[in-house]
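Residues per chain, in single letters:
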Amino acid sequence: MVKIAQVRLNPFELLKGQSRVSQLQIALIGLIIGFLLVTQFRGQQSASHALRAQTDEDLSEIIRNLNVETNALRAEAASLELQLFKARQAAVDARTVLGDATERLRSLEVLAGSTAVGGGGIEMTITDGDHLLRESDLVDVLHELRAAGAEAMSLNGYRLVASSGLRYEKGRSGGGAILLGSRRISAPYEIKAIGDRETLYQAIVMPGGARDALSSLEGVSFYVTKEEHLVLAPVAAAEETRPADSLGR
Amino acid sequence: MIPLIGLVIGIALGIVLRIPVPPPYVKYLGIALLAALDSAIGGLRASLEQKFNDKLFITGFFGNTLMAGFIVLIGDRLGIDLYLAAVVAFGVRLFQNLALVRRYFFQRRHWE
Chain A
1 MVKIAQVRLN PFELLKGQSR VSQLQIALIG LIIGFLLVTQ FRGQQSASHA LRAQTDEDLS
61 EIIRNLNVET NALRAEAASL ELQLFKARQA AVDARTVLGD ATERLRSLEV LAGSTAVGGG
121 GIEMTITDGD HLLRESDLVD VLHELRAAGA EAMSLNGYRL VASSGLRYEK GRSGGGAILL
181 GSRRISAPYE IKAIGDRETL YQAIVMPGGA RDALSSLEGV SFYVTKEEHL VLAPVAAAEE
241 TRPADSLGR
Chain B
1 MIPLIGLVIG IALGIVLRIP VPPPYVKYLG IALLAALDSA IGGLRASLEQ KFNDKLFITG
61 FFGNTLMAGF IVLIGDRLGI DLYLAAVVAF GVRLFQNLAL VRRYFFQRRH WE
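From first to last, the protein sequence lines are chains A and B. Under my numbering, residues 1 to 249 are what the first sequence spells out, in order. Under my numbering, residues 1 to 112 are what the second sequence spells out, in order.
Please keep in mind that the hints were generated in silico from the structure rather than gathered at the bench. One thing to keep in mind: the hints can contain errors.
As the list claims (entries may be wrong) - The list that follows gives simulated cross-link-like pairs (lysine to any residue, SDA-like), each with its CA atoms no further than 20 Å apart:
| # | chain 1 | residue 1 | chain 2 | residue 2 |
| --- | --- | --- | --- | --- |
| 1 | B | Lys27 | A | Val220 |
| 2 | B | Lys27 | A | Gln44 |
| 3 | A | Lys86 | A | Thr102 |
| 4 | B | Lys51 | A | Gln23 |
| 5 | A | Lys226 | A | Ser182 |
| 6 | B | Lys27 | A | Leu28 |
| 7 | B | Lys51 | A | Gln44 |
| 8 | A | Lys86 | A | Ile62 |
| 9 | B | Lys55 | A | Leu28 |
| 10 | B | Lys27 | B | Arg102 |
| 11 | B | Lys55 | A | Arg20 |
| 12 | B | Lys55 | B | Leu44 |
| 13 | A | Lys170 | A | Val205 |
| 14 | B | Lys51 | A | Ser22 |
| 15 | B | Lys27 | A | Phe41 |
| 16 | A | Lys226 | A | Asp212 |
| 17 | A | Lys170 | A | Gly157 |
| 18 | B | Lys51 | A | Glu190 |
| 19 | B | Lys27 | A | Leu37 |
| 20 | B | Lys51 | A | Arg20 |
| 21 | B | Lys55 | A | Leu24 |
| 22 | B | Lys55 | A | Val21 |
| 23 | B | Lys27 | B | Phe70 |
| 24 | A | Lys86 | A | Arg74 |
| 25 | B | Lys27 | B | Ile74 |
| 26 | A | Lys86 | A | Ala75 |
Using the sequences provided together with the hints, build the complete structure.
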């Protein structure tokens, strides 16, 4: 233990021997300590004051409320998840419906002839040197092809659809012409049909079929070939957009 | 007398200024305060022993305070409660110095 010769106990005289500068410095340190003390007390209090001020009943009430809130939020999260799941399901369903509709639209477009169609099929050329063929002969051939499953057909480059009509018109000089809609068509007649090549071909060349019937006529020759890839143009736009009231009369 | 005046002014400043301390820094401030108190009590003891050196006192005060804050920072970064080391070290010294101050006080009384 340090031997103490002279202890100055009066706190007011403690720093008597110190210079003025160092006394100021010490005062500054006292100031800093006081400042730190108050600031820290305040900081600690504000942190725990809010909860400490509550009674036990209040605290348990707060906890109960928080639990209720937590449960409500959990329930909300669950219902939102369910909603998300339903929305995803709906999106999948909608995609399926859209896919089906697109498929249907495509087949309807093929039927209506509003789009170009490509694929395998047969191509036939019928010559008619003596102008013996009537529209019914061509219709027979086309029916035969339709029955054999032709998906799309064209006659002399014109697409045939449900509304297409063939008729025969007698000319003034005794001869006649075949009309497809309002267009005059003449031999050689070139028919293209898209579908299963073998089936279409067999339907035409079968004994007693279209080829036999036509080939027996004078001046008519009949060529049929299977094609890897045929392209049929869509129905001409002008023919498609007839005014609706002209059909009713 | 002068340190007491400084202390009073500091407390008044703290009350007037109302500087808010964000919760994460309460710990730092607490350690710094502990270090500052330790230095102050150490200074008191030294002056009772008449060994008071103002340069030692002032450098010790600022050095310890800053070092304490630094140790808390390191502890936070390392994920160790390193500030406990500072609390223990400063706390032990604080009590030792207080005990000595008390002893000197009674010795003095006895001699009178």
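Now the hints, each set against the structure:
For the proposed pair B/Lys27 and A/Val220, the alpha carbon gap of about 110 Å is over 20 Å, so the pair is violated. For the given pair, B/Lys27 sits about 9 Å from A/Gln44 by alpha-carbon distance, which is consistent with the 20 Å threshold. Restraint check: the Cα-Cα separation between A/Lys86 and A/Thr102 comes to about 24 Å, which exceeds 20 Å; the hinted pair is violated. As the CA atoms of B/Lys51 and A/Gln23 are separated by approximately 15 Å, the hinted pair is consistent with the 20 Å bound.
Restraint check for A/Lys226 and A/Ser182: not satisfied, since their Cα atoms lie roughly 30 Å apart, outside the 20 Å limit. Between the alpha carbons of B/Lys27 and A/Leu28 the distance comes to roughly 23 Å, so the proposed pair goes past 20 Å and is violated. With a C-alpha separation of about 36 Å, the suggested pair B/Lys51 and A/Gln44 falls outside the 20 Å cut-off, and the hint is violated. Proximity of A/Lys86 to A/Ile62 is assessed by CA-CA distance (about 36 Å); at most 20 Å being required, the pair is judged violated.
Pair hint B/Lys55 plus A/Leu28 holds up; C-alpha atoms about 14 Å apart against a cutoff of 20 Å. Restraint check for B/Lys27 and B/Arg102: the C-alpha separation of about 29 Å exceeds 20 Å, so the hint is violated. For the hint pairing B/Lys55 with A/Arg20, the CA-to-CA distance comes to about 14 Å; that is within 20 Å, so the pair holds. The hinted pair formed by B/Lys55 and B/Leu44 meets the criterion: a straight-line CA distance of about 14 Å does not exceed 20 Å.
Of the pairs offered as hints, the one joining A/Lys170 and A/Val205 is violated, with about 31 Å between alpha carbons and a cut-off of 20 Å exceeded. Between the alpha carbons of B/Lys51 and A/Ser22 the distance comes to roughly 14 Å, so the proposed pair stays at or under 20 Å and holds. With a CA separation close to 12 Å, the supplied pair B/Lys27 and A/Phe41 stays within the 20 Å bound. Taken as a hint, the A/Lys226 and A/Asp212 pair is honoured in the structure, with Cα atoms around 18 Å apart against an allowance of 20 Å.
For the suggested pair A/Lys170 and A/Gly157, the alpha carbons sit about 23 Å apart, so the restraint of at most 20 Å is broken. For the hint linking B/Lys51 to A/Glu190, the alpha-carbon distance of about 126 Å lies beyond 20 Å, and the restraint is violated. With a CA separation close to 13 Å, the supplied pair B/Lys27 and A/Leu37 stays within the 20 Å bound. Proposed proximity of B/Lys51 and A/Arg20 is supported: the alpha carbons are some 18 Å apart, at most 20 Å.
Between B/Lys55 and A/Leu24, the direct Cα distance comes to roughly 13 Å. Compliance with the 20 Å bound is thereby established for this hinted pair. Under the criterion of a C-alpha separation no larger than 20 Å, the hint pairing B/Lys55 with A/Val21 is consistent with the structure, at around 11 Å. Taking the CA atoms of B/Lys27 and B/Phe70, the gap is near 12 Å; set against the 20 Å cutoff, the hint holds. Between A/Lys86 and A/Arg74 the CA atoms are separated by roughly 18 Å; this keeps the pair inside 20 Å, and the hint holds.
A distance of roughly 13 Å separates the Cα atoms of B/Lys27 and B/Ile74; the hinted pair therefore holds under the 20 Å criterion. Restraint check for A/Lys86 and A/Ala75: satisfied, since their Cα atoms lie roughly 16 Å apart, inside the 20 Å limit.
Hints 1, 3, 5, 6, 7, 8, 10, 13, 17 and 18, counting from the list given before, are not met by this structure.
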